[in-house]
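Residue numbers (this note's numbering), protein chains in the order written: chain A, 19 to 130; chain B, 48 to 160.
The hints are simulated quantities; they were obtained by calculation from the structure and are not laboratory data.
Misleading hints may appear alongside valid ones.
Lysine-lysine pairs mimicking DSS-like chemistry, simulated, CA-CA at most 25 Å apart [to be verified]: (1) B:91 to A:87; (2) A:87 to A:122; (3) B:91 to A:21.
On the chain B side, residues computed to face chain A include the following (Cβ under 7 Å) [to be verified]: (4) 89; (5) 134; (6) 135; (7) 138; (8) 151.
By construction, the Cβ of each residue, glycine as well, lies at the ideal position given by its N, Cα and C atoms.
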Amino acid sequence: DAKTTQPPSMDCAEGRAANLPCNHSTISGNEYVYWYRQIHSQGPQYIIHGLKNNETNEMASLIITEDRKSSTLILPHATLRDTAVYYCIVRAENSGYSTLTFGKGTMLLVSP
Amino acid sequence: EAGVAQSPRYKIIEKRQSVAFWCNPISGHATLYWYQQILGQGPKLLIQFQNNGVVDDSQLPKDRFSAERLKGVDSTLKIQPAKLEDSAVYLCASSSDRTGSTFFGQGTRLTVV
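Produce the entire structure from the sequences given, and follow the hints as far as they go.
Right, here's the structure in full:
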């Protein structure tokens, strides 16, 4: 079973920041937090990942709480093309050997 | 770099027929995964290969599903015979041992009627 809890859906106005929460209260010390998204009719797409420090890349920012029991994915200026299902996943180590276990994710709808 | 290639994109078959899906991972990626995604759910791992060896096939329904990865590159997933509940998107993914980043193909949408 997935080790994360996410709201089933969220709405966001175009141009505003989208903040997607994720709870992972049972995360282990060697587990990373990964975020993927899946646009309709496409395969999941990697967004960002982190261990305990906040991370930022060209797509998004990842804020992980100090106790690592929750995190927030931030899309700073959401566009209509960001409408997708967003998956928060905890994954052992930073290795290609470990699998991604998906939950149901959060359906983000960005509206004009 | 080229992404994960899958074919076909769509397939419609009758129940009890057989079907095969093909996947070509990103060049150099040793790990290959097959996932099943039923409508409204997240992807579920069916099988994981490391080179041409199976690492995890605990969730693969082995009475009807089979997969192989000859020569540690391309892979095929077969269903025989298909059931109505096998209707889903079958996703192939690959990852680099060095970085751990996992990349997915666009998937094959299977409809069993």
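Results for each hint:
{"no.": "1", "hint": "B:91 to A:87", "verdict": "24 Å, holds"}
{"no.": "2", "hint": "A:87 to A:122", "verdict": "19 Å, holds"}
{"no.": "3", "hint": "B:91 to A:21", "verdict": "14 Å, holds"}
{"no.": "4", "hint": "89", "verdict": "3 Å, holds"}
{"no.": "5", "hint": "134", "verdict": "15 Å, violated"}
{"no.": "6", "hint": "135", "verdict": "13 Å, violated"}
{"no.": "7", "hint": "138", "verdict": "5 Å, holds"}
{"no.": "8", "hint": "151", "verdict": "3 Å, holds"}
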